[in-house]
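Just so we're aligned, residue 1 is where the sequence shown starts under UniProt numbering, counting upward by one.
Just to be clear, a hint being listed does not mean it is correct.
Unchecked claim - Using C-beta positions, here's what the derived DEER-type ranges look like:
id: 1; residue 1: Lys159; residue 2: His5; range: 14 to 20 Å
id: 2; residue 1: Asp65; residue 2: Pro136; range: 27 to 33 Å
id: 3; residue 1: Ser91; residue 2: Gly2; range: 17 to 23 Å
id: 4; residue 1: Thr77; residue 2: Ser111; range: 21 to 27 Å
In case anyone wonders, no lab produced these hints; they're calculated from the structure. Note that the structure is predicted; figures quoted are calculated from it, not measured. We treat Cβ as the ideally placed atom computed from N, Cα and C, and that holds for glycine.
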Amino acid sequence: MGIKHWVANVQMVRLKRKAELVSFNIPSDLLRTRHILVCLPGGLRELTLVKQFLPTITTLFRQSDIMLLAMPGIQVTDIYPRKGFQIITPSMDQLGWSGLPKRTFLSNLQSYNFDMVLDMNLEESLFTASVLLSIPKAIRVGRGNHLGKPFYNLEIKTKYLRDERNIYRSMLETLGNLMNRRTALTEIDSAEEAQEA
Numbered sequence: 001m002g003i004k005h006w007v008a009n010v011q012m013v014r015l016k017r018k019a020e021l022v023s024f025n026i027p028s029d030l031l032r033t034r035h036i037l038v039c040l041p042g043g044l045r046e047l048t049l050v051k052q053f054l055p056t057i058t059t060l061f062r063q064s065d066i067m068l069l070a071m072p073g074i075q076v077t078d079i080y081p082r083k084g085f086q087i088i089t090p091s092m093d094q095l096g097w098s099g100l101p102k103r104t105f106l107s108n109l110q111s112y113n114f115d116m117v118l119d120m121n122l123e124e125s126l127f128t129a130s131v132l133l134s135i136p137k138a139i140r141v142g143r144g145n146h147l148g149k150p151f152y153n154l155e156i157k158t159k160y161l162r163d164e165r166n167i168y169r170s171m172l173e174t175l176g177n178l179m180n181r182r183t184a185l186t187e188i189d190s191a192e193e194a195q196e197a
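Please build the complete structure, drawing on both the sequences and the hints.
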């Protein structure tokens, strides 16, 4: 572990101590979301998988503005279409020496007043963890057995451990079930079951 990683971990410990846990109501607060931040993963394979689930996210949150947050230094504009999404890619000058985002970048994110942050990272990322803690009033959704409290106030556990596609699918289906909305995924599953019968 390098000195930068060690400094970033010390900064995260401080941020975790200051973190606020905000309660919310299901499904009413999920249905009222108007500004959503989707934290994209850092790997190319995961990025292409998440891209397949963007229509499901827009179906679940029809009335919401959805912004995509890329990992620092990764250009996703070639992979992701701009149709209906704003893409935020932090530049290296928006990061501190340890790799965590600077306060100016975090305050810029806070100015969007996100109601929900959906973390699609499957690997631990100190950058994403600091973003999650910087938006305390939002519903922060992530995969169970990943970061936990205080980073998420809604963890979705899945029976899948390594199958990224099914992990993403399970997370979004669970959100759809909590909101009493059918997703494109459940409609596809229903059509497949009808064909098999």
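| Violations among the numbered hints | 1 and 2
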